Amino acid sequence: MSEDNGNTPGFNLEALDEFESDGAPSFIIAVGRTAPRFDLLYRNRKFREGGFQNLILAEQPEALRFRSWAQALGDAIDTSSEFAGCTWSCQLSGKSGALKLMKGTLAQRGEFASKEDHRSNGDARSAKTSHVRKRLDAQQTVHAVWDAPVFVRNLPQAQLNARWEGIQTIMEMSDIGVFEYNTRGELMHANDAWYRLSLYPRDVVDHAQFSFINLIYPDDQELVMSMWNTLSQGSAVSFEMRWKTQNEPNDTGKWTLTSCVPIFDDAKVLISIAGNMIDIDAQKKSQEATHARLEALEQARMSELKFARFAQLSPTAIYIFVPETGMQYVNDQFYELTGYSSALHDKFELLDLIADEDVHLAEDDWAATLNGKRTNGVEFRLKKTWINQDGRREHIFVQSLSYPHVDSSGKVLSIMGMLFDISQFKWAESVQRRRIEEALESKRQQENFIDMTSHELRNPLSAVVQCAESAITTLEHLQSSLSPALSTETVQSNFHDEIENTIDALSTILTCSAHQKRVIDDVLTLSKLDSELILVTPVKVQISVVILEALKMFEVECRQLDIKLRVKEDRSVKDFDWLMLDPSRLLQILINLLTNAIKFTKGRPKREITVEVGGSYMHPPEVWEKLKLRPDDQLRTTILDEPGWGNGTKAYLWIKVKDTGCGMTEEEQKSLFSRFSQATPRTHVKYGGSGLVFISKQLSSLQGGSIGVSSTKNVGSMFAFFVATRVLDPPPNQPAGHVARVRPVLNKRIISSEKAMKATKLNILIVEDNVVNQKVLKKQLQKFGWNVHVVGDGLQALQFFRSSIYWRGEQRDKDPAPDVVAPAEHKGEVDVVLLDIEMPIMDGLTCVRRIREWEDEKLLAAPAPCPKTERSQSTTSLSPITSNHESENSPNFRIPILAVSANARMEQIQEALRAGMDDAITKPFRIPELWPKIQGLVSRISSPEDAGEES
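Start counting the sequence shown at 0; every next residue gets the next number (numbering that gives the first Met the number 0).
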């Protein structure tokens, strides 16, 4: 194994293969006269499997002695050692004996015990001869005078023993430690001084081979082993080393100067190693202290030079001020920043450099510093000026920081200060502030423009939609009342044709108006998506009511297009009654999908749209119900953990919209969810659109959900989406059987709300500045037999209420005399106020705030109870205000107010609700869309289907 092929130090590959397959645990280390670091260069498989590495490298004394034996050199060293249940043998290998092969043999229990007994006997024998206080036998005496002169060797044995005893006595009296070790690393004898210096145990049993290595300071153990190997080669050594003083982490060791010589017999065979040592710990500590002081002085001098250099080159103005003498030091940057002459640095005051407008700021800070107080600094302008990037000359702006140096009595010895030039930052700050103001103004103007455009687009549409609805209804009634006896057959046919043409034209008006409204809504939604202004506001809702509200919006349109709109309730939704979610965002998605389904279903031979609702407590998989969900990058997976979502059970509400439209191919579906993308170019030409599916995808992701599609060409499509929600318990005051009355509606065709509206007589106050809208809306509501009052602005609305049966105050000087008086025949009774927001003289927000103030001040209250009469249900007895509040002292009196405006942005609606509105509806709207809003505000009105049944 001593061959070297240049790849592996000291061994060729064949030798290493043999070494690896050896059945005995073996390892190889590097050795030398200068003991190298103990590293296991090679370990064979048996060694690794036996776990010997951790045992050998442990910090226990036995492991340390074994490592010392393994690294020791010399012919007199034991060739075997017991450790970790093995008998280890050693063999030098490699070039020049630089490597040592250690091979272990598992010892038999009896053999191991025998060897231990032998060792114990040997230790016992050593105990009789090793301690210095025991008399050495004759043989030891002979060995004690190895190289003595001839006349000494020729002395009689008695004289020789006497001389040896005298030497022992002298050794015991000396402060120099004297010792002798045999070649196995076992202590033979030593004097008291050596024991004191080394703290070596006097117990003979502890004098095992190389046990001295355990007492040596860890940093010096390699040095001592190197010295031992040098002595083993026959050379004397002298070196400084440290002994352990205590087994603690902060142990620094005790320094000694040690000299050793090898002892040979007459045959020049090494028989022992002897030496002495003296205590140099105090000398070393003194040297270290002196060296440390010199280093500290040098470091202080260097630090002072570095600080002076740093201060001189610093881009910051630095000064040192002494109260008794003035400025002691200023650097070059100080002169550069302040513009003051360097020849006069001790003849000026700091306040003289400051602009007059800011002197008072610096005076307060400087006075506090002179009193020894540490301040946070101050910003001020200097008299010196600079030219900014705009080409304007301005005073230099600086940030001043001062640090007082005080003695133990609190007296200020000196003040070190710095001036930072912040002129650029102040200029950039002003530019940034100006640009922010400009950007905010631009944003405000842009929003005003969008609001104005939206308002102007929506406002006329409201009248158009309502006129068209009124005309269609009138013509339908007229058509149904025609009698064949009224005219000839030809005239009657022509009359029918004219009516059909009129109905068709008005239907087109409705369709176009609805399309224009949806385009505007989409633009506003996309604008908010781009600006990340879409907020998800969870509220407690009954999901069946939300779905019903969405379907009612498409009731008329589906009837006109002969599309069968059905609702299917999955079995899983039975536990999903009251949920915590954002109903407005859920409706946006459902309305978009229904709009899309109607587009592609109209004109088809089979026209059906089915809405299926269900729920799950598990997150739907990526591939679900034969469709692949399309999660968005903005998916909010932790939305239910955000504040405001309550403590209900986490769940997922899913909705499917199936249609029998034209369907799509796989290729067309790939780009369907892209922004403003249609499945094919022909789709836009035929149907138009503004990215409804893209908006739905974004909205579902914002609600912790996703959306997907499954479609077959010429068969139809199914869109499905889910949103995260929490399942809640029903409200405690929820009437029994309420769900049973609402949910069956989802399992049958949506009925018309016209019968329910006619069955309930209401008193409505319209507050609207547009005369056309006033006329049209009033006519539409009176058609149902409702009592409708109209005023033109918020101030007239306030005057109306002051003359109504609800007023409990007196005329106040700050309010003008009312020129609008409530009609006497109805005593100013009001069930709902339809209040426009944008109006002249007084807008709707100001008006509603004043009404709520009057209610809080008890100036508006429920009227006193009146005797029951036999009048119809259009009178006060069925007013929500009087019927729900029997006493005028009731603290819950509140007039229902519905905000009506063309401002459709969510923040504008939220502002209206914060001002005191109970709900809001945006223009243009249809009467079927208004009816659910009124239902939600007037508590005495039952659901549409109940009202229809009562009628």
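These aren't lab readings, by the way, just hints derived from the structure by calculation. Mixed in with the good hints, there may be bad ones.
With a Cα cut of at most 25 Å, we get these calculated DSS-like pairs of lysine-lysine [unchecked claim]: (1) K305 / K243; (2) K372 / K383; (3) K573 / K516; (4) K777 / K757; (5) K551 / K605; (6) K516 / K567; (7) K655 / K712; (8) K551 / K573; (9) K605 / K757; (10) K425 / K383; (11) K657 / K567; (12) K539 / K516; (13) K563 / K754; (14) K516 / K551; (15) K655 / K573; (16) K774 / K516; (17) K382 / K410; (18) K655 / K605.
Pair by pair, the computed Cβ-Cβ distance ranges are [what the hints assert, rightly or not]: (19) R558 / G784: 22 to 28 Å; (20) S571 / V770: 35 to 41 Å; (21) I386 / E348: 26 to 32 Å; (22) L350 / L296: 54 to 60 Å; (23) E753 / H495: 21 to 27 Å.
Since we're looking at a predicted model, the values are computed, not measured. We put the CB at the ideal spot given by N, CA and C, even for glycine.
Hints versus structure:
1. K305 / K243: Violated: K305 and K243 sit about 40 Å apart, past 25 Å.
2. K372 / K383: Roughly 28 Å separates the two Cα atoms, so the pair is violated.
3. K573 / K516: violated (35 Å)
4. K777 / K757: OK: K777 and K757 at ~15 Å, within 25 Å.
5. K551 / K605: Measuring from Cα to Cα gives roughly 22 Å; hence the hint holds.
6. K516 / K567: violated (29 Å)
7. K655 / K712: holds (18 Å)
8. K551 / K573: Within the cut-off at roughly 22 Å; holds.
9. K605 / K757: violated (34 Å)
10. K425 / K383: holds (16 Å)
11. K657 / K567: holds (11 Å)
12. K539 / K516: Distance ~28 Å between K539 and K516 Cα, so the pair is violated.
13. K563 / K754: Roughly 21 Å between the alpha carbons, so the hint for K563 and K754 holds.
14. K516 / K551: At roughly 17 Å apart (the allowed maximum being 25 Å), K551 and K516 satisfy the hint.
15. K655 / K573: Satisfied, since the Cα-Cα distance of roughly 16 Å is no more than 25 Å.
16. K774 / K516: Since the Cα atoms of K774 and K516 sit roughly 22 Å apart, the hinted pair holds (cutoff 25 Å).
17. K382 / K410: violated (32 Å)
18. K655 / K605: Measuring from Cα to Cα gives roughly 19 Å; hence the hint holds.
19. R558 / G784: 22 to 28 Å: Given about 23 Å between the Cβ atoms, the range holds.
20. S571 / V770: 35 to 41 Å: violated (52 Å)
21. I386 / E348: 26 to 32 Å: holds (27 Å)
22. L350 / L296: 54 to 60 Å: violated (40 Å)
23. E753 / H495: 21 to 27 Å: holds (23 Å)
Of the numbered hints stated above, those contradicted by the structure are hints 1, 2, 3, 6, 9, 12, 17, 20, 22, listed in ascending order.
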